[in-house]
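So the protein lines, in turn, are chains A and B.
Our numbering puts the first residue of the first sequence at 1, with every later residue one more than the last.
Our numbering puts the first residue of the second sequence at 1, with every later residue one more than the last.
Treat each hint with caution, since some may be false.
Same chains, same label: a pair holds when it works inside one copy or across any pair of copies.
Said to hold, decoys possible - Derived BS3-like pairs (lysine-lysine); straight-line CA-CA distance at most 27 angstroms: (1) LYS18 - LYS227; (2) LYS99 - LYS188; (3) LYS188 - LYS55.
Just so you know, the hints here were simulated from the structure itself, not pulled from any lab data.
2 protein chains.
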Amino acid sequence: MNIGMLGTGVVGQTIAAKLAENGHAVTVGTRDVSQTLARTEPGAYGQPVFSAWLKEHPGVSLGSFADAARQAEVVINATSGDGALEAIALAGASNLNSKIIIDISNPLDFSQGMPPSLSVCNTDSLGEQIQRACPEAKVVKTLNTVTASLMVNPRRLADGEHHLFLSGNDVEAKAQVVDWLKEWFGWKHFIDLGDITTARGPEMYLPLWLRLWGALGTGMLNIQVIK
Amino acid sequence: MNIGMLGTGVVGQTIAAKLAENGHAVTVGTRDVSQTLARTEPGAYGQPVFSAWLKEHPGVSLGSFADAARQAEVVINATSGDGALEAIALAGASNLNSKIIIDISNPLDFSQGMPPSLSVCNTDSLGEQIQRACPEAKVVKTLNTVTASLMVNPRRLADGEHHLFLSGNDVEAKAQVVDWLKEWFGWKHFIDLGDITTARGPEMYLPLWLRLWGALGTGMLNIQVIK
Chain A
1 MNIGMLGTGV
11 VGQTIAAKLA
21 ENGHAVTVGT
31 RDVSQTLART
41 EPGAYGQPVF
51 SAWLKEHPGV
61 SLGSFADAAR
71 QAEVVINATS
81 GDGALEAIAL
91 AGASNLNSKI
101 IIDISNPLDF
111 SQGMPPSLSV
121 CNTDSLGEQI
131 QRACPEAKVV
141 KTLNTVTASL
151 MVNPRRLADG
161 EHHLFLSGND
171 VEAKAQVVDW
181 LKEWFGWKHF
191 IDLGDITTAR
201 GPEMYLPLWL
211 RLWGALGTGM
221 LNIQVIK
Chain B
1 MNIGMLGTGV
11 VGQTIAAKLA
21 ENGHAVTVGT
31 RDVSQTLART
41 EPGAYGQPVF
51 SAWLKEHPGV
61 SLGSFADAAR
71 QAEVVINATS
81 GDGALEAIAL
91 AGASNLNSKI
101 IIDISNPLDF
111 SQGMPPSLSV
121 CNTDSLGEQI
131 QRACPEAKVV
141 KTLNTVTASL
151 MVNPRRLADG
161 EHHLFLSGND
171 VEAKAQVVDW
181 LKEWFGWKHF
191 IDLGDITTAR
201 GPEMYLPLWL
211 RLWGALGTGM
221 LNIQVIK
């Protein structure tokens, strides 16, 4: 498949690498290609310098946000929370049209230090904002409740016996995303929370997730819902 | 033990009944005793009319918020979110002094319909507001992430193999609350999230919890944290 990845951070890199490894053609989109290639600092989570990482992954190419969206059969939004709406705008409504957008972003606000608060919550969510920004697209919020390395390898934890959530207005799009997440990464357990307004739930779970990370000393964690 | 319970709703009733059954003396506090006894409507969750319920539970007595706090060795706040700070104020700083307050309340705002939003979140929490309202007391936020009947009987679900969270500034108070929750109700698994500011996490989990209830069709649910 042709997959458009918005965002060059650890989430975008981790997922792009895994998808390319599985034979997919991934175009990673960024605001300024030459600036991204000129980066000399390693990633915030110890990733290599971006241009070096790109050379190591021949199945991944770099382009503008619009380049990433244009050829894509599915678009994955893996930008930071504060960059998400700009990335969607730059990707362009005509490139996104009625495509599925898997939205992984979290509206984390680091401006007041650690742990971050949320820049949108309670009566709105970033998932809803993205859906409003491209009404024809089918936004499916998922994967935002786990760390990048667990997104692409859920069986690293309890053989995958833990849950992912899905929020989105289009039932068929959610079913398609479930099939992809099973096929691409081996996810086993999903809970469809409902329409895109339910993205408030998994986004507002982040403050608990961040404190669980602090209490447990690892971000390699997830929750199993028991009923 | 002498236990002071703030709140006459389903959480207060469920916990008071269980504690009285185990031989504790529980004083349930309310704003207006005669008004509470004069209620003729059943509880919102199908509980009997309050005065009838009280007669069925001889180990439970009714008093003002101050009465409930005055004799208590531990105070449990089980009011609604919008009544919590008033209840704490009426209980009185001199009655609460340096006691442990187990705070179960959630700042749910039903004014815009269902599902509720939160009246405080993100950069503050109800747990913190209560701690600020009675600085000498030892507020421990816990139990607010599960439904009332599960609070007092965690083994109804997966034999108790799921988690409770604790937030509070006083480490010894949290350890004492853990001992009580084991002894009173049979809870097995706890995660100490840190100081009272970490109450933002479990309170902001409520929007996810509410949507899990909707998706799964039952509030008899909890999460197991896997790492």
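The hints, checked one at a time:
In this homomeric assembly, LYS18 and LYS227 come within 27 angstroms of each other (Cα to Cα) only across copies, at 22 angstroms, whereas the closest approach inside a single copy is 33 angstroms. Taking the closest pair of Cα atoms, LYS99 and LYS188 come within 27 angstroms of each other only inside a single copy of the chain (24 angstroms); across copies the shortest separation is 46 angstroms, beyond that limit. For the identical chains of this complex, LYS188 and LYS55 are neighbours neither inside a copy (32 angstroms) nor across copies (50 angstroms), given an alpha-carbon limit of 27 angstroms.
When each numbered hint is compared with the structure, a violation occurs for hint 3 only.
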